[in-house]
Every structure is written in C-alpha cells, then in structure tokens.
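Chain order of the listed sequences is A and B.
Start counting the first sequence at 1; every next residue gets the next number (the working numbering).
Start counting the second sequence at 1001; every next residue gets the next number (the working numbering).
Do not take every clue at face value.
As the list claims (entries may be wrong) - Simulated crosslink set (DMTMM-like; lysine to aspartate or glutamate; CA at most 20 Å straight-line): (1) A:LYS51 to A:ASP24; (2) A:LYS44 to B:GLU1015; (3) B:LYS1077 to B:GLU1008; (4) A:LYS41 to B:GLU1069; (5) B:LYS1049 to A:ASP56; (6) A:LYS44 to A:ASP56; (7) A:LYS44 to B:GLU1008; (8) A:LYS41 to A:ASP24.
Source of the hints: derived by calculation from the structure; they are not laboratory data.
If you're wondering where the values come from, they're calculated on a predicted model, not measured in any experiment.
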Amino acid sequence: EAGVTQFPSHSVIEKGQTVTLRCDPISGHDNLYWYRRVMGKEIKFLLHFVKESKQDESGMPNNRFLAERTGGTYSTLKVQPAELEDSGVYFCASSQASSGNTIYFGEGSWLTVV
Amino acid sequence: GDSVTQMEGPVTLSEEAFLTINCTYTATGYPSLFWYVQYPGEGLQLLLKATKADDKGSNKGFEATYRKETTSFHLEKGSVQVSDSAVYFCALKRGGGTASKLTFGTGTRLQVTL
Chain A
1 EAGVTQFPSH SVIEKGQTVT LRCDPISGHD NLYWYRRVMG KEIKFLLHFV KESKQDESGM
61 PNNRFLAERT GGTYSTLKVQ PAELEDSGVY FCASSQASSG NTIYFGEGSW LTVV
Chain B
1001 GDSVTQMEGP VTLSEEAFLT INCTYTATGY PSLFWYVQYP GEGLQLLLKA TKADDKGSNK
1061 GFEATYRKET TSFHLEKGSV QVSDSAVYFC ALKRGGGTAS KLTFGTGTRL QVTL
C-alpha cells in the first residue's frame, strides 16, 4: 500500500513567486493534514481536512496560503506570493476517520524562498 | 493551549550507550502521546505511542511510558546504534474533530558515533 506522497520534494523559488505543493494521502483516509517546520523549530499544524471540508484551519499563517482538497482526494497548498519566512519543510499527513487512528506523514516538501 | 517541551539537542552518544530524551506536555483532558522519528532525508515516521496513563509504548528497542502524574513521556533505549541517528519528535493529540491535530515539540537531534 502506498504511503502519503508529496510533490515536489524540493523547490527553490524567488520571493514573490508562487509555489503549489501537492499531497496524495493514503487511499481511503478521510483526514488530511498539513504541517510546517520552519528553520529547525517545532512542527506546526496548518490545517485539517475531513474529506473535502476544512475542519480546522486555525494554523494557517496568513491569506497568502490557500489549501484545497477538491473531491476529497489529493490536496494542494499554494503559497502566493512567497516570502522568505515561508522557507521550511511542509509535511502532509493522513489518517482514517476514527479519532483514535494513527496519523501517517509524507516525506515532506522542502521549500526554499530566496 | 496544548504544548510539548523536549530536551534541547543535539544529543551525541557512543554506540551501545543508554539513551533518554525527556518530553513533558501540557494539555487539557487525556491526550494520546507519540514519538515520531525523522531519519536523514526521510519523512516523519511513527516510532511509538501510548493512549492512556501508565501505558508503555515500545518499538525497535525504544520505550516510553505515559506518566500522567508528571505529565511526561520520556523516550528511552538501552543500547543505541549508529542507525538510530535521527531527529526525534514528541507529540500529543487530544481527540477527534477540531482537537485531532498533533502538537509537536521542537525535536531532539540524536547523533550516535562508533
């Protein structure tokens, strides 16, 4: 069974440009999460989808970040326009519907804004 | 709000040494507790978990016991190997719905040398 897959694995963009990160969760997982780790700090929650609905987006830093999950399958996270402080690792994770289930993470998308 | 505090790293040990990485938490209710590990160039992997007080999670020789009285979940291994070199993250999760997100500590880098 395939795990959580993320694309691209690495991205270097200039300040002011746009980047779109994609996440394919494990098949059948209704819950999809985005997290971010910036400059060796803690991994911070960004948002949580249940199927195609945003359950909790309290961690989204500002309106330059837009997450979508059309159809309740894969998700995208767009940063527009990117700023230097957006550099970091963006992790996607998924889990099954029950609240007790383990959350599985992808390998992360490493974003560098120069 | 919820928070997780981990000991500062990096931790450098010789092979076969005993490992302890301290983790304490602050949360309402009865959270589940986790240790995730990130090996170099890889994503986050669940190492072990405990869902209620006095539970012991274990995997790959690592152990951690959920201590509600001290709000701690310290990670231990009796004899580390070079292959254990990685970043270790302690995390908690309070439940379902909007509380189902993970709250992470800052991570502790472990370097094991021959």
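Next on the checklist: Of the numbered hints stated earlier in the document, which are not met by this structure?
Outcome noted: Those not satisfied are hints 2, 4, 5 and 8.
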